[in-house]
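> Chains as they are written, first to last, in the working numbering: chain A, 92 to 345; chain B, -18 to 391; chain C, 123 to 304.
Derived from the structure by calculation, the hints contain no laboratory data.
Calculated Cβ distances over 10 Å to all of chain C for the following chain B residues:
{"#": "1", "residue": "L180"}
{"#": "2", "residue": "V232"}
{"#": "3", "residue": "D284"}
Some but not every residue of chain C turned toward chain B, in silico, with C-beta under 10 Å:
{"#": "4", "residue": "G153"}
{"#": "5", "residue": "D173"}
{"#": "6", "residue": "V174"}
{"#": "7", "residue": "L175"}
Just so it is clear, CB atoms sit at the ideal spot from N, CA and C, and this is done for glycine as well.
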Amino acid sequence: MRAMKIGAAALLALGLGAGAAAASEAVHIEKQDWSFNGAFGTFDRASLQRGYQVYKEVCASCHSMKFISFRNLRDIGFSEAEVKALAAQYEYPALDDTGEATTRKGTPADRFHAPFANELAARASNGGALPPDLSLIAKARVGGPDYIYALLTGYHEVPAGFTLNAGMNYNAAFPGHQIAMAKPLNDDQVTFADGTKATTAQMAHDVATFLMWTAEPKLEDRKRAGVKVMGFLAILTIFSFLTYRRVRKKVQGH
Amino acid sequence: MSSSTPFQTNSKVVKWIESRLPIISTIDGALVSYPAPRNLNYWWNFGSLAGFMLVAQIVTGIILVMHYTPHVTLAFASVEHIMRDVNYGWLIRYAHANGASMFFIVVYIHIIRGLYYGSYKAPRELLWWLGIVIFLLMMATAFMGYVLPWGQMSFWGATVITNLFGAVPYVGGDIVTLLWGGFSVDNPTLNRFFSLHYLLPFLIVAVVFLHLWALHTSKSNNPLGIDIKGDQDTVPFHPYYTAKDAFGLCVFLMFFAYWVFFNPNYLGHPDNYIEANPLVTPAHIVPEWYFLPFYAILRAVPDKLGGVLAMGGAIVILFFLPYLDFSKVRSAKFRPVYKMAFWIFVVNGVILGYIGAMPAEGIYITVGRIASIYYFAHFFIIVPLIAWYEKPLPVPESIAKAVLGNDAKA
Amino acid sequence: MATSSSAGHEEHGSGQATRRDFLIVATCGLGAVAAGATVWPLIDQMNPAADVLALSSTEVDLSPIAEGQGITVMWRGKPVFIRHRTAKEIEEAEAVPLSELRDPQTDAQRVKEGKKQWLIMVGICTHLGCVPLGQQGDYDGWFCPCHGSHYDSSGRIRKGPAPLNLAIPEYQFLSDTKIKIG
Chain A
92 MRAMKIGAAA LLALGLGAGA AAASEAVHIE KQDWSFNGAF GTFDRASLQR GYQVYKEVCA
152 SCHSMKFISF RNLRDIGFSE AEVKALAAQY EYPALDDTGE ATTRKGTPAD RFHAPFANEL
212 AARASNGGAL PPDLSLIAKA RVGGPDYIYA LLTGYHEVPA GFTLNAGMNY NAAFPGHQIA
272 MAKPLNDDQV TFADGTKATT AQMAHDVATF LMWTAEPKLE DRKRAGVKVM GFLAILTIFS
332 FLTYRRVRKK VQGH
Chain B
-18 MSSSTPFQTN SKVVKWIESR LPIISTIDGA LVSYPAPRNL NYWWNFGSLA GFMLVAQIVT
42 GIILVMHYTP HVTLAFASVE HIMRDVNYGW LIRYAHANGA SMFFIVVYIH IIRGLYYGSY
102 KAPRELLWWL GIVIFLLMMA TAFMGYVLPW GQMSFWGATV ITNLFGAVPY VGGDIVTLLW
162 GGFSVDNPTL NRFFSLHYLL PFLIVAVVFL HLWALHTSKS NNPLGIDIKG DQDTVPFHPY
222 YTAKDAFGLC VFLMFFAYWV FFNPNYLGHP DNYIEANPLV TPAHIVPEWY FLPFYAILRA
282 VPDKLGGVLA MGGAIVILFF LPYLDFSKVR SAKFRPVYKM AFWIFVVNGV ILGYIGAMPA
342 EGIYITVGRI ASIYYFAHFF IIVPLIAWYE KPLPVPESIA KAVLGNDAKA
Chain C
123 MATSSSAGHE EHGSGQATRR DFLIVATCGL GAVAAGATVW PLIDQMNPAA DVLALSSTEV
183 DLSPIAEGQG ITVMWRGKPV FIRHRTAKEI EEAEAVPLSE LRDPQTDAQR VKEGKKQWLI
243 MVGICTHLGC VPLGQQGDYD GWFCPCHGSH YDSSGRIRKG PAPLNLAIPE YQFLSDTKIK
303 IG
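Produce the entire structure from the sequences given, and follow the hints as far as they go.
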């Protein structure tokens, strides 16, 4: 009975906590179906590659991704040769033999190329706003990939009575509903290599999947290990309980 | 009193060691032959779980330090390096971060067990005080540890809490400058927090040693709250409680594993995945969940110094509990009025935690103030009144009678 | 709770003891497996991380290196000598009898077939770790100024205290003008 009371108190606390997180934002974010959800979730490799294409062709012109190296793309299905070729498309600073600044071609070990040299340059090109680095964005926002999808598909007509500040855009998902970024995704903006139709919703879904991977590349390893650990612990718990019960028999006779 | 059988051995090696350093008989006395009450329930598992978590945090922490860089320009990136490049780095990092939460869950339950069964009463006052010292050291350690990843919450949490010391009259500003090592939270602050975060757990180990020594002096309390009267009231710690603790550990590990493997970021805050930015304050600065009740008490008082004193007082008051609750009966099992007050106190604590997570606006302020006042009222008014007026239920003659006589569900 | 199929009280029959032993042995065994599985990541984390491994190999373009020229590149934190040997150097190296060598190796063993004009070696003296100087010494090869070791045109130790020839790293030709070391 007491255990139930304490359990109830704990659940109350957890539920209140979760409720608290949602209440403070007051924007309802629709939950999407993600292949990586759940205890057995995995990344859909095709979606990851399409998402990378969206990032590369649309987002990378303003948003850096400094925690991803080209070699990481091996994990989403690119071959070593493809990765080398992708990296070689970008130039990185180097010194020549006389110590003068020059450039060299990228290698797989290099991090993704940043669109701007520094924060000031980024702000200057974006009306004073700083496009955030996208490596961790899926973990750095309440709602994660659901929020990213909602944001990218949330550019609607300004509702009646809403005052939009100069230079801003209305977005249903963004806190405060005014975002400096103009609508980044439009139908058929990208031609997917695998032939999938590039609707806004499709691109949003794929890039959100890709961003979940960039934020948590070890997600699949983590869940796979978790299943094994839980399974093993369940067996160990049963065995240790049976052992304890046998030991307890000697004390209490039951 | 209850005598544990004196340590005996036939081994020449053991005898050789024993005559020079009686470490084996000491461990035997603590973990093997230690006479533990035969009626301990599962609420007594949480002490060993706390010990396990202390070791787990130290081991994962030392490993993380092999890969972490304590400099403002590199700290955040070094944590991402751990998560992405270091072999099993993600596992060690998530185990350490969630391990802190597990450590507090286990310790809070351990403390609440003590409140219910009167484990703070004579002759265990010192044991209780050492426990509070451990709790304070844990809070300091956890606070500094959370700063190390240098995310937005790391930076702003550090700013808010260190600014509190400015409430001290006259010298407050100088104290804060001393803590910061500069004019704001910056690299000197990060470096010293890193040093102290590494140090404090070893102080905790030392105080835990004293805590266990005190425990072994007075022997364990039990769900009936009555003294051990003889050998028939106890069982040797091994194999009975080693087996039970092992089982409890397995169940706990499944709980821990759930968080680490399937929901590793739920107990944290997304803002800490944004690099610290001194120019941008997050919309809602929230400490980690285990600080929320104290954060609520801090914010309940409109005056800065008052809030600091209330928050500190909320912990200091625990030291006086053995004297505020002067009832001769230990266990709430036989104290129906105290039992009710206890449950209201626990629910009030949960409410305080919830309030701590909310913005300091509107109804949350009112509820927070009521709950904070109730927290102190429980200790200053309710508990002493109950101790004075309550007529406790009759207490059994002995543990053995209660356990071996009838059904022993305690 | 007393769902005992066996009697609740102790029995010292061998059947009882065997079942208890199995249970305890099995539990402790599983516990040991758990401990081992836990310990492995704690040790493996000290092995080179993914970013270190990414830099564990280096590609070098050989086309700018003319005959009789050599360059030094960094690989895994160490200098690697890459020399485009002249015919004379190769002849000299091949002519040395194995009996004269402290660390006997033929020249052919130290280069790739069909590419013996390319000598690629880790530029760390096998005595105490200094970096030898090129095109110096008595054997038309390298000379280590620290303690006077002389290496020949195949990088083999000929005179001085070094015990072994200069190490040949693992490398392969990706094309006639490009190698990958490591």
